[in-house]
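J.: Sequence:
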Amino acid sequence: MTSIPSSEASRAAGDSRLAARLKRSYSLIQAIGVLAILVVIMQVSNERFLSPINIGNLLGQMTVMLIVAAGMTIVMISGEFDVAVGSVVGLSAAVAGWLMVRWIPSGTTGQQELWIILVAILAALCVGPFFGLIAGLIVTKARIPSFIVTLGTLMMGRSLTLVVTQGQPIPDMPETVKALGQGRWVNLPLPVNVPAAANSGSLSDLIVWLPIQNIVWVALLVYIVGWFVLERTTFGKRVYAVGSNRTVALLSGIRADRIKIYCLMIVGFTASLGGIVSLARLGAVSPNTGEGLEFEVIAAVVIGGTSLSGGQGKILRTIIGVIIIALTRNFLNLARIEIFWQGFATGTIILAAVLLEALQRRISTRG
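Per numbering that gives the first Met the number 0, the very first residue in the sequence shown carries number 0; after that it's consecutive.
Fair warning: there could be bad hints in the mix.
Here are the computed lysine to aspartate or glutamate pairs in the DMTMM-like style, where the Cα-Cα straight-line distance is at most 20 Å [to be verified]: (1) 313 x 356; (2) 177 x 230; (3) 140 x 256; (4) 236 x 256; (5) 177 x 112.
Because the hints were derived from the structure by calculation, they are not lab data.
With these hints in hand, go ahead and build the complete structure from the sequences.
T.: What follows is the structure in structure tokens.
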């Protein structure tokens, strides 16, 4: 029997590991490629696209989607969906806004106002986990698909939002709330203004200050926590296990139903947090806040490489998907294309993402 030299065996093992790594990174490479193409096209079409002001505005606009998409990534890795996140965003914003307007009379001192705002935010943060708990119990106990269950909670949440707001905007949020959402703690220096520095000969002209709203740092914190939970905790490993194969997870001693309930509560929490961020950023609540957000969020998560069938995905890659959706929407606004076409563009992106995932799955199966 002919033996294989150890050097050849190790080389073959290294090649197989490289191939596996490339296969896992295929969706990431796709997303980065699409993102790069979009940026080039949009900058060529509109020179204002990469201006610091537009980028700062873009970051603020996509913050709510970023936060909600983090929770959606976790629940989709577990093998479930939550299409109620948009209505939960709206209901949470409505609850917080209604409580602030009703509980903060004129003449309230700064410290009293701060406590009332804190209580209103905490109450609103309970909305999403409560909806997630209800959906999770029905999904796991009645064995009804999460898409159907959360479709019901979507309608419930949207109806309750109209009840709370009475179908009218709730304006005039406290200045403290507006400052949190619209203010800027720090601006980010970017050494990108090469032409100006070359003309003046001064290094100070090289720096362009990018305005970063406070809420962007909230989204960053959400992703840091989400990454740590998925990649560095036992719970995260169990989420992947349940999404990959529920039966095997059960045989391994994992309480799959409990994991799914927790995941649905987590995405509910991120939706509530997104609602509060939306309230702070806009300084008001609209009856249709969050409407249609669920489709953009799911599209962003899929573009980021999370599998529709569960068990695969990385939360940091979701950021790329969110940026692609936000860039498309921002470009349509800059190009002054009617808002009615934005839904068409989002739907096209969703179909493209699903088709790409199906193609990738077929290629990996053949491989």
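J.: Next step is simple, just say for each hint if it's right about the structure.
T.: Here's how the hints hold up against the structure:
no., hint, result
1, 313 x 356, "15 Å, holds"
2, 177 x 230, "34 Å, violated"
3, 140 x 256, "8 Å, holds"
4, 236 x 256, "15 Å, holds"
5, 177 x 112, "13 Å, holds"
When the structure is compared with the earlier hints, a violation turns up for hint 2 alone.
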